[in-house]
Amino acid sequence: MPQTITLSVTRFDPDRDSEPHPQSYEVPFQEDWVVLDALNWVKAHVDGSVNYRWSCRMGICGSCGMNVNGRPKLGCSAFLRDYLPGPIVVEPMANFPVVRDLVVDISSFMDKLKWVKPWIIREETAVGPGEHRQTPAQIDQYRQFSMCINCMLCYSACPVIPIEPEFVGPAAIALARRYELDSRDRAGQERLRTLTGSDAIWDCSFVGECSAVCPKGVDPAKAIQQTKFESTLGMLLPWGGR
Amino acid sequence: MRFRDVSEVRLPEAGPAAGVDGLTGATTARPSTPPKPAAAYPVKQPFTWWTRRRGYLLYMLREFTAVGIAAWMILFLVEIARARHGTGGYQPFGGPLFIAVGVVCLVLALWHSYTFLSLAGLIMRIPLGDRTVSPRLIVSVMYGGLVAVTAVIAALLIWGGA
Chain A
1 MPQTITLSVT RFDPDRDSEP HPQSYEVPFQ EDWVVLDALN WVKAHVDGSV
51 NYRWSCRMGI CGSCGMNVNG RPKLGCSAFL RDYLPGPIVV EPMANFPVVR
101 DLVVDISSFM DKLKWVKPWI IREETAVGPG EHRQTPAQID QYRQFSMCIN
151 CMLCYSACPV IPIEPEFVGP AAIALARRYE LDSRDRAGQE RLRTLTGSDA
201 IWDCSFVGEC SAVCPKGVDP AKAIQQTKFE STLGMLLPWG GR
Chain B
1001 MRFRDVSEVR LPEAGPAAGV DGLTGATTAR PSTPPKPAAA YPVKQPFTWW
1051 TRRRGYLLYM LREFTAVGIA AWMILFLVEI ARARHGTGGY QPFGGPLFIA
1101 VGVVCLVLAL WHSYTFLSLA GLIMRIPLGD RTVSPRLIVS VMYGGLVAVT
1151 AVIAALLIWG GA
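Chains as they are written, first to last, in the numbering used here: chain A, 1 to 242; chain B, 1001 to 1162.
Isolated chain B, as found in the complex:
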């Protein structure tokens, strides 16, 4: 048995070929330019794309939490500016509105920390010989660090100013 030599195979050339029309018998000529391909429908993303799936919505929420943290930092800077002439006559922010804003900012900051620290195990790849450090261990160390730093700052705030 002999396989057909691939050099004998002739693929048809793109576009209509010159030849004889089977119906009318008229000779048809090859067009001078190949037919223009029809245009594909372009990519379009609606403004409300982030409402289409829960994952998109959670992503937007995660990113939005940074706004709360930024707002709190601005408040903090304003507070420092107000205290620049010393403690005499200085009145810190207070009242129900300030407390409400503080609680909202705290919730946003906690959510931001939770999403960030939970993903740390995925993001960080720490080689350990032929293996890598377990993601669960990385996340545990991250949360441990958060608790430790929070405790140190709390201790400074409670006892440091005394």
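The shape of chain A in the complex, shown without the other chains:
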């Protein structure tokens, strides 16, 4: 078992650097450490200027997305032992402008998220008193898509985003699909119109890597292709629309 492992971290200071560059750190190897632990060790003991986002350390908050050895991962679930003997190359998530070191500008994603209205829409302005019951089978329809934690790893894996920056993207469409399939929601057709317009489902060429990297098994590619299929049926068949 090695005593240390090399962490190559992308550094970028917009005031000084013209482009990002790697910087190596030797960190103690611990069997139960993840990349986020190693970064925290670097920040506490070697270089306090390293910048990165993190919060919960348990794969729930979706804050610590980064590219580890070229693959989008949550820093809190990428174990050092899986990258032996190293080095471990830690880069900011691809397809987002880099603000500083591993911190990326996520404002475009926040705009896209709002655009698909990821909340339950009903005729009444407020949810009335009492329960809005669902059967387990009704919940099963959308449960998978409701597991999204907005970590944006799928955007980092999607090769369409850099070519079509306005593409609303995998997570936002998966969330739209989640509400579209919710029996309590009443805006299915409105969402379908949004998703079949420009910069949405038809920009996706089904590479499928968004689903491959999803830490929660959401499968955004499935959400997008299902929406394509249903919208096509709706166009071709009078009874195709739900």
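For the record, the hints were derived by calculation from the structure and aren't laboratory data. Heads up, the beta-carbon is just placed ideally off N, CA and C, and yes, glycines get one too. Do not take every clue at face value.
[Stated by the list, open to error] With a Cα cut of at most 27 angstroms, we get these calculated DSS-like pairs of lysine-lysine:
(1) A:K117 - A:K216
(2) B:K1044 - A:K114
(3) A:K112 - B:K1044
(4) A:K114 - A:K228
(5) A:K114 - A:K216
(6) A:K112 - A:K216
[Said to hold, decoys possible] Stretch by stretch, here's where chain A covers chain B in the computed footprint (C-beta under 8 angstroms, at least three residues):
(7) 1038 to 1048
(8) 1054 to 1067
(9) 1117 to 1127
Chain A is already provided as a structure; the job is to place chain B on it using the hints.
Chain B only, in chain A's frame:
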């Protein structure tokens, strides 16, 4: 115990505030414009992005198979054009090169069909009461359909022209 009224909380305003410099004692004025944020490093995708991961490479291969199918369709149209004056004097394409091209196009078409039909279960969501039809069943029906259509076309080609 009384919680602090949130209205008492004053967040600092963005940018350096007016005040007295702690070191020199000089009065500092608030700048008329806030400091310009440093520019973020823009998104860049190299031309060779598709070589970086196996999934990207398989995707490109899947898309490329359509080229083989298109090439075969063009050959097919040329063949029809050559036969437009009837069977008299008509010689169909043949030879080792044509067979080699045909085999390559067949492999590409089979790979294209395999990737497409395997994904059908993922793409198609067919409601069945409160549930949906199993993806495995959808894929099985797709492959069954492929076999059936292939058999019908083969039978037409073998016995239809006799």
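Each hint tested on the structure:
With a C-alpha separation of about 21 angstroms, the suggested pairing of K117 of chain A with K216 of chain A holds against the 27 angstroms cut-off. Annotation: proposed proximity of K1044 of chain B to K114 of chain A holds, straight-line Cα distance about 25 angstroms (limit 27 angstroms). Restraint check: the Cα-Cα separation between K112 of chain A and K1044 of chain B comes to about 20 angstroms, which is no more than 27 angstroms; the hinted pair holds. Restraint check: the Cα-Cα separation between K114 of chain A and K228 of chain A comes to about 21 angstroms, which is no more than 27 angstroms; the hinted pair holds.
Restraint check for K114 of chain A and K216 of chain A: satisfied, since their Cα atoms lie roughly 21 angstroms apart, inside the 27 angstroms limit. Between K112 of chain A and K216 of chain A the alpha-carbon distance is near 20 angstroms, which keeps this suggested pair within the 27 angstroms criterion. Look at the stretch 1038 to 1048 of chain B against chain A: 8 of its residues bring a Cβ nearer than 8 angstroms to a Cβ of that chain, three or more, so the hint holds. Restraint check on the stretch 1054 to 1067 of chain B versus chain A: 4 residues with Cβ-Cβ distances below 8 angstroms, three needed, restraint holds.
For the stretch 1117 to 1127 of chain B, the proposed coverage by chain A is satisfied: 6 residues have a C-beta within less than 8 angstroms of a C-beta in that chain, meeting the threshold of three.
Going down the numbered hints, you'll see the structure goes against none, and every one checks out.
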